[in-house]
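Assemble the complex: chain A is given as a structure, and chains B, C and D must be docked to it using the hints.
Chains A, B, C and D supply the protein sequences, listed in that same order.
Its first residue numbered 53, the first sequence is counted upward by one per residue in the numbering used here.
Its first residue numbered 53, the second sequence is counted upward by one per residue in the numbering used here.
Its first residue numbered 204, the third sequence is counted upward by one per residue in the numbering used here.
Its first residue numbered 204, the fourth sequence is counted upward by one per residue in the numbering used here.
Hints are computed from structural coordinates only; laboratory data are not their basis.
No incorrect hints appear here.
Think about it this way: if two alpha-carbon atoms lie no more than 27 Å apart in a straight line, the pair counts; the simulated DSS-like pairs of lysine-lysine are:
# : chain 1 : residue 1 : chain 2 : residue 2
1 : D       : K275      : D       : K244
2 : A       : K175      : C       : K275
3 : C       : K334      : A       : K168
Okay, the calculated beta carbon distance ranges per label pair:
# : chain 1 : residue 1 : chain 2 : residue 2 : range
4 : D       : D261      : B       : P233      : 49 to 59 Å
5 : C       : F262      : A       : N198      : 30 to 40 Å
6 : C       : T420      : A       : P243      : 52 to 62 Å
Only part of the chain D face toward chain A is listed, based on derived beta-carbon distances under 8 Å:
#  : residue
7  : G314
8  : D363
9  : N367
10 : M383
11 : I406
12 : P409
13 : S410
14 : F412
This one's a predicted model, so the numbers in the text were calculated from it and none came from an experiment.
Note that beta-carbon positions come from the ideal geometry of N, C-alpha and C, so glycine has one too.
Read off the chains here:
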Amino acid sequence: MLTKEQIAQRIAQELQDGYYVNLGIGIPTLVANYVPAGINVTLQSENGLLGMGPFPTESEIDADLINAGKQTVTTLSGSVFFDSATSFAMIRSGRVDLTVLGAMEVNDKGDIANWKIPGKMVKGMGGAMDLVASAQNIIVAMQHTNRSGASKLLSKLTLPVTGLGCVKKIVTNLCVIDVTPRGFELKELAPGISIDDVHNATEGNLLAEGEIPEIQF
Amino acid sequence: MLTKEQIAQRIAQELQDGYYVNLGIGIPTLVANYVPAGINVTLQSENGLLGMGPFPTESEIDADLINAGKQTVTTLSGSVFFDSATSFAMIRSGRVDLTVLGAMEVNDKGDIANWKIPGKMVKGMGGAMDLVASAQNIIVAMQHTNRSGASKLLSKLTLPVTGLGCVKKIVTNLCVIDVTPRGFELKELAPGISIDDVHNATEGNLLAEGEIPEIQF
Amino acid sequence: MNKVVKNADDAIQGIRDGMTIMLGGFGLCGIPENSISSIVKAGIKDLTCISNNAGVDDFGIGLMLQSKLVRKMISSYVGENAEFERQLLSGELEVELLPQGTLAERCRAAGAGIPAFYTPAGFGTEIAEGKETREFGEKQFIMEKAFESDFAIVKAWKGDTDGNLIYKATARNFNPMMAMAGKITIAEVEELVEPGELDPNFIHTPSIFVNRIFQGTDYEKRIEQRTIRQN
Amino acid sequence: MNKVVKNADDAIQGIRDGMTIMLGGFGLCGIPENSISSIVKAGIKDLTCISNNAGVDDFGIGLMLQSKLVRKMISSYVGENAEFERQLLSGELEVELLPQGTLAERCRAAGAGIPAFYTPAGFGTEIAEGKETREFGEKQFIMEKAFESDFAIVKAWKGDTDGNLIYKATARNFNPMMAMAGKITIAEVEELVEPGELDPNFIHTPSIFVNRIFQGTDYEKRIEQRTIRQN
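If we strip away everything but chain A, and leave its shape as in the complex, we get:
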């Protein structure tokens, strides 16, 4: 089983030099901590910052400089500020190379639900619907099952959809899965996890063909 940090670390292996990347809140944020050596990526924060730096020191804190999670952050050399319309222009026009998001559910067509639970207070979708409708390359970072043990990888979403056919890859505590026209394709297994474990935890259509290697770090 992977820890949250390991899920982030595995996703970081997908980064390529020069990528512009949007990281959602939660596990996705941790991806920034594992950028491989020699790879340069630029983080986009949809509230209007390209080139997001680390959290500030106490003396660097600036209330006018936050990220999309409303956290205080810093800039780097080459950073740039812009307005929200320009920010989503970047996103909708496909200039963001990789988007990493959390999810409540994903189905085997790549549809994602991550913004609303009927009956619970709805906070809103923020930029998630723009991101999933626009990005060419979306990776979902999440636990394979929810707190009550039910699979989050489904044949059919039970929660309101955020976007259709957009998820390309899923990294969970159990495995790495590619979402292809054939469904969930099992690509790599977490240490100590068997194909059967994944089958048992996956409600949607799972394909496990050939040798499935263990995730390497």
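Okay, now just chains B, C and D, sitting in the frame of chain A:
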């Protein structure tokens, strides 16, 4: 009969303090020379300048600073540069208070033709179609008749239209006319010009009711 | 024509019960603090507020919610606010949630004289319900319309008395589009300067979009998530 | 990932016969002089050029016309060019004229992932022929679509090696929208600096839109209408 300068001078009387104004090429450009005392107007040039100043002196010339007529110009205190999309955002959203344009023909519904003569080389409409489709307040500055003596104030346009029902006022060498739902309403006469003179030079429906005063400068 | 008004109380003149107003800001960053205080003081109610967020319980638009001045919020994210939740569940408050990019673009469209546009955000979701959809190049889009609002209230870093504005860092966010979009646009600034003091090449909101401007006071600039690293 | 290329010859690699390219500039102001020279030198032909103007006979896009490299111009104003007129009348050159604001907005739409929008410009004119029209709020509009282009070539004043750009004065014009719109965007700059040298708060084109950048040489910056006043 008014000179071109006097046409511009009469139009300048329509300026109000705080107006943002777009002046077309030709007679409209001259309006800037007659801004009444105590009135402050800001000139918008659709290539990306608000607060257009006078032509530069020899030493002030900057190839990167031109107006929509491609003439070298200067800035003033409070001037601002912007891109073409922002420029036409201002225009289309009705933030420009007054637009002064030349015309080849205007009809008594306020339709205007000023961009194309079939059979002749067509240079293009530039920003004229955006301006006439958007401005709340459009004044046409032109000669009352063309070079062959034919009226330019018509019941029906003979040339391709630039915009529909947009002209509110026309100032020619002969008179001042308001375009209302009733047609061309004669409001003021140039010195030495009679109502009959205007009738003879106007092909479209002309209303001349009551006393028509002489244009005052 | 003088756009400069003395303070927020003067700036908000004409905002009346039942109107639709836009308020700049992302979270508590770049919000028009002074104008919000004056609206609360004036007790202008039944407002429809277009703003990306709804503040926190005791700051930002949260203050307007406390005073029950808001009838409807049009936002993309409205968490971190218990009073908001209470009013929503009790039916006192109506909420329309929109994708953040759609919210920004509907402001920009209003300020650009574009009555409607197409966006992929929300296609296939409940956001698309009741909206026209259309295919362009084998991809599906929703038609979204420009917002209509009576007033836009924005917060800038510096402004000149002509109305030119510059924003600071990520406090820019929705402010420039809302400044374009208001029938009447009110700008509060931390520092009001004379025309010519701002570089004409680096102005974020050209003066033509701003109707009233004033220098605000006592900016609190509260931080929602104070995240720091050890040096 | 290094976006910096040595010169215009390297920057235009991949532009092929028959492609659609956008070229920034208004008149001769803010045009990508170096890249135009390299395209002429390379003899890339049958091009569709989206540019507000078509240069003059011996400068700007006029140089491409002289070499008969342009099959179609999409512009708002194409005066001041005798060779242009000759090719147009002889049928060698095709021209599509668009309102200037529509031209700008179709670039911006392409860069904003907006496939189509509505504008009032040109309603009731021959520009509307073959286009959908529609009423919003008792006013008539035309539906216009985002441009599709293979390359966008822009000219900036300063740029950093990450691709952030700033423009000078009215040389900005169409350049920012075209920079957003190209499948591949090439930027030539008068001065190329290191990341961090441009103030992040005052950048006109964020780096993400720029794929290749180089410092140009020998800018002529020809003036079309040299108007002066006596001091």
